[in-house]
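Be aware that the sequence shown starts at 1, since it is given in my numbering, and climbs by one per residue.
Treat each hint with caution, since some may be false.
Stated by the list, open to error - Here are the computed distance ranges between Cβ atoms for each label pair:
| id | residue 1 | residue 2 | range |
| --- | --- | --- | --- |
| 1 | Thr246 | Ser335 | 39 to 47 Å |
| 2 | Arg172 | Leu250 | 28 to 36 Å |
| 3 | Asn333 | Arg172 | 44 to 52 Å |
To be verified - Simulated crosslink set (DMTMM-like; lysine to aspartate or glutamate; CA at most 25 Å straight-line):
| id | residue 1 | residue 2 |
| --- | --- | --- |
| 4 | Lys263 | Glu336 |
| 5 | Lys159 | Asp316 |
| 6 | Lys239 | Asp316 |
| 7 | Lys79 | Glu336 |
| 8 | Lys288 | Glu336 |
| 9 | Lys239 | Glu171 |
| 10 | Lys142 | Asp154 |
| 11 | Lys310 | Glu105 |
| 12 | Lys288 | Asp363 |
Everything labelled a hint here was simulated from the structure, so no lab data went into it.
Remember, predicted model here, so these are calculated numbers, not experimental data.
Using N, Cα and C, we set each Cβ at its ideal position, and we do this for glycine too.
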Amino acid sequence: MAISLSSRREFLKQAGLLTAWSLTLPQFVVQSRQALAHAPIEGLPDDRILVLVQLAGGNDGLNTLVPYGDDLYYKARPKLSVAPQDVLKIDDYCGFHSEMYALRELWEDGLLSLIQGVGYPNPDRSHFRSTEIWETGSGSEKNIASGWIGRYFDSECSKAVTPTLGVQLGERTAQTFAGDHPRVVTLSNPQLFQFSGGSAREDELAKVHVPSVSANSSLAFLQRTGNDVLSVSRQLSEKVRLQPTTRDYLPYQFSQTLRLVAKMIAAEVPTRVYYVSLPGFDHHATQKMRHAMLLQELSESLSSFVRDLKNLGHLDRTLVVTFSEFGRRVAENQSEGTDHGTANLMFMAGGTSRAGFHGTRSDLSRLDDVGDLHHTTDFRSVYASILKDWLGANPAGILDPSILPMAGILG
1 MAISLSSRRE
11 FLKQAGLLTA
21 WSLTLPQFVV
31 QSRQALAHAP
41 IEGLPDDRIL
51 VLVQLAGGND
61 GLNTLVPYGD
71 DLYYKARPKL
81 SVAPQDVLKI
91 DDYCGFHSEM
101 YALRELWEDG
111 LLSLIQGVGY
121 PNPDRSHFRS
131 TEIWETGSGS
141 EKNIASGWIG
151 RYFDSECSKA
161 VTPTLGVQLG
171 ERTAQTFAGD
181 HPRVVTLSNP
191 QLFQFSGGSA
201 REDELAKVHV
211 PSVSANSSLA
221 FLQRTGNDVL
231 SVSRQLSEKV
241 RLQPTTRDYL
251 PYQFSQTLRL
261 VAKMIAAEVP
271 TRVYYVSLPG
281 FDHHATQKMR
291 HAMLLQELSE
301 SLSSFVRDLK
311 NLGHLDRTLV
321 VTFSEFGRRV
331 AENQSEGTDH
341 GTANLMFMAG
351 GTSRAGFHGT
361 RSDLSRLDDV
371 GDLHHTTDFR
381 SVYASILKDW
391 LGANPAGILD
401 PSILPMAGIL
411 G
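Model the full structure from these sequences, guided by the hints.
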């Protein structure tokens, strides 16, 4: 049977392994067989996990953590503001959006941290550029190709025996993982290591990759490799499939993706960093209802995930961190939306995170020249704390050495 190069590419794409920074296939096959027999991750000093949750598009932090005690908020947002009586109050100044009951309950149970006023100097309001800044951990004045987690992998994880050191759930491999020797698997299919088209498609690919005697050594190599990847993917898929969960998850992709991550963590798949994304936060018009629905999805999904990990006995070894490329402008626009802004907030849960408020809230009476908040916490100081206090790495070798870890957010 003649096998085309396009068939190879299609197979690899379906397997979720063909990405700009994906590992080479021989390494994947050899290390996967080894990794299946090891938990925690062989070659690392502990079994700690980091789950990064991107709120893509620029989440509106002011309508997430609502400053209902500040009249300036209501003057700037006569139509988009959350009424004081609807706010899920934390104190006499602020509270959660009215659709975030589940996260408010996490807060009340001492399972949630809020980092306020997060941003960076000389902010960029372009989605692409600001996302790049957050994913590379660079300053706005620098362009860096590698990601902050990719540099961590290169610096601290060279002896780790696993091809799935990083796992990205989504269509695009985040620049976060880019490095000299990246080890990340991107799974565009929410069903772990399964193929779009179902079992019939998988059987078809298995037939294509049956090893055969061939004078073409490259073809024979690809056939053997493809067959081995199928075998490994089936083993991993079965291991995760049999892992139960303890909470109900919403029937939406983001929630089901977090459910999959919870199953992978509980099944002790040898992964150090997971990356998931909830898109849709770029609301330049008719924001109020659309944002409320997204916040409900975020709240319910994160709550299910955190409580599931706690019930399964894995929350203490899993740190969950949210981020968004920027916040929104303080004042609403004429289309009942908000434009790109600057400072925002981050959620943190699990691991050794310390519940409560961290950082200083941005001052609504002190805006920049275009009406945006001034940041009070450099996001890279949060990264530095994660690297030092959670992952046990030296942040000075991964981030700008002038950036100091933020004190008090991790025990």
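Now the hints, each set against the structure:
1. Between Thr246 and Ser335 the Cβ separation comes to about 43 Å, which falls inside the hinted range of 39 to 47 Å.
2. Remark: the range hint 28 to 36 Å for Arg172 to Leu250 is contradicted by a beta-carbon distance near 23 Å.
3. In this structure, Asn333 and Arg172 break the distance hint of 44 to 52 Å, their C-beta atoms being roughly 28 Å apart.
4. The straight-line distance between the Cα atoms of Lys263 and Glu336 is roughly 40 Å, outside the 25 Å bound, and the hint therefore fails.
5. In summary, the hint linking Lys159 to Asp316 is supported, as the alpha carbons are separated by about 24 Å, within the 25 Å threshold.
6. A distance of roughly 22 Å separates the Cα atoms of Lys239 and Asp316; the hinted pair therefore holds under the 25 Å criterion.
7. For a cut-off of 25 Å, the pair hint linking Lys79 to Glu336 stands: about 7 Å separates their Cα positions.
8. Among the hinted pairs, Lys288 with Glu336 is consistent with the structure: their alpha-carbon atoms are about 8 Å apart, no more than 25 Å.
9. The hinted pair formed by Lys239 and Glu171 meets the criterion: a straight-line CA distance of about 23 Å does not exceed 25 Å.
10. Between the alpha carbons of Lys142 and Asp154 the distance comes to roughly 20 Å, so the proposed pair stays at or under 25 Å and holds.
11. Using a Cα cut-off of 25 Å, the hinted pair Lys310 and Glu105 holds, with the two alpha carbons roughly 14 Å apart.
12. Our distance criterion of 25 Å between C-alpha atoms is met by Lys288 and Asp363, whose separation comes to about 23 Å.
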